[in-house]
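Visitor: Spelled out, the chains give:
There are 2 protein chains.
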Amino acid sequence: MTEDQFKDELQSAGSVATKKSAHFNQAKSRLLEAATEYLLSVGLANWSYRGCSRALGVSSNTLNYYFKSKDFLLAEILESMRRRDLPLLDTFKEVETDQFMELALAFWDVMSDVKQFPLGMAQFELYTLAMRDPDKYSTVMESEQLWIDGIKSILEKANYPEDELASASRLVIWTYRGLYLSLLASDHTQASNDRARSAFKELIRLLVAQFPKTKRA
Amino acid sequence: MTEDQFKDELQSAGSVATKKSAHFNQAKSRLLEAATEYLLSVGLANWSYRGCSRALGVSSNTLNYYFKSKDFLLAEILESMRRRDLPLLDTFKEVETDQFMELALAFWDVMSDVKQFPLGMAQFELYTLAMRDPDKYSTVMESEQLWIDGIKSILEKANYPEDELASASRLVIWTYRGLYLSLLASDHTQASNDRARSAFKELIRLLVAQFPKTKRA
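So the sequences go chain by chain: A and B. Numbering of the first sequence is given in the numbering used here, commencing with residue 697 and proceeding in unit increments. Numbering of the second sequence is given in the numbering used here, commencing with residue 697 and proceeding in unit increments.
Any given hint could be a false lead.
Each pair may be met inside one copy or between any two copies, as identical chains are not told apart.
Here are the simulated lysine to any residue pairs, SDA-like style, with alpha carbons at most 25 Å apart [as the list claims (entries may be wrong)]:
(1) K724 / E858
(2) K848 / Q886
(3) K811 / K832
(4) K789 / R750
(5) K897 / P857
(6) K832 / D890
(7) K897 / M797
Because the hints were derived from the structure by calculation, they are not lab data.
Chain A extracted, bound-state conformation (with noise of 0.2 Å):
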């Protein structure tokens, strides 16, 4: 075989494979994105293998085919949770340092939004999973260092004063977290929306203080 013909070979084995996968991927994404569906509707405590293939109309040994086993199913039904965020974060990365304060309101709107809460708090039932088994949960801690990332670059445009950079970006998020949680475990009323709003608000100004004035709106 010529150098030639081997990388003919080579690619033809490429694409046939790409198509055998890009097939299989298909099928496999589009019982992600169900069995995705399936957990948010019934919240993580209540979730089951079982209970997951009967809501699809699927076999347990065709969930088994496409996910090998109950662990990578739910593995890949965190990740694909996880990523619904991410295009929001991308939007926050092109954000001018005067619209911090708008883009952080609206950032709460749409995540405090009533739709949003199935998300919200299969996400806080996965961080008390993590609690109590931290390694089998480690990827769900690091998955925040991007939000975290995502807010120290904001910061850094706005020249917040840098050896706090860190800190800063931490406190956005955790603080976020942590009145999204006391509004779902409160009575989900439109005022206890607006009272974890302001204070994250309060947040965001106390922040905003601290850039340099030429940098503020």
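Since the structure of chain A is provided, determine the placement of chain B on it from the hints.
Guide: Using the frame of chain A, we list chain B on its own:
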């Protein structure tokens, strides 16, 4: 029976009832203490009435006698967990404005000690139950108000901007909860504690920067 005799009768009935009730209350309070320790050791997710009676070495009839039912016992355990933090809240109210940073960090260090982790974990498990069933667990959120009021009285003493007092107090509590959650759901190392602590410290720095200058340390 004269009015005086009637009063005497009432008084002695009362004192018998009190004696009986003191004995009852003493036994109940010992059981409650043990039941609380049991819940902290297994976590809320793994807690059961049967497991609790077995761990305490008493029959479920005995538990029924003192606590009426599983739900009443659980409610009393949660109330007893909540009361554990209250002495700390009283310390808070005594604090001088120029000790605010010092006290906040001491508070963090006490609460984030590894010995407190079981209490913290049970609290977050409780919040996630409240998320799914806010009416049943409405007292969980009501008790947060005590803490918010405590912080408010400190910020008020420090002449924190009046319009933002309520928001800032809520901000402190839920930032603390959020950062504490990040610690519990992480790898529980000292490095994770340091990161969460420095974010909490940054919030306190931002708040102190709002105190009128004469009030600062």
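Visitor: Looking at the structure, which of the earlier hints fail to hold?
Guide: 1 and 4
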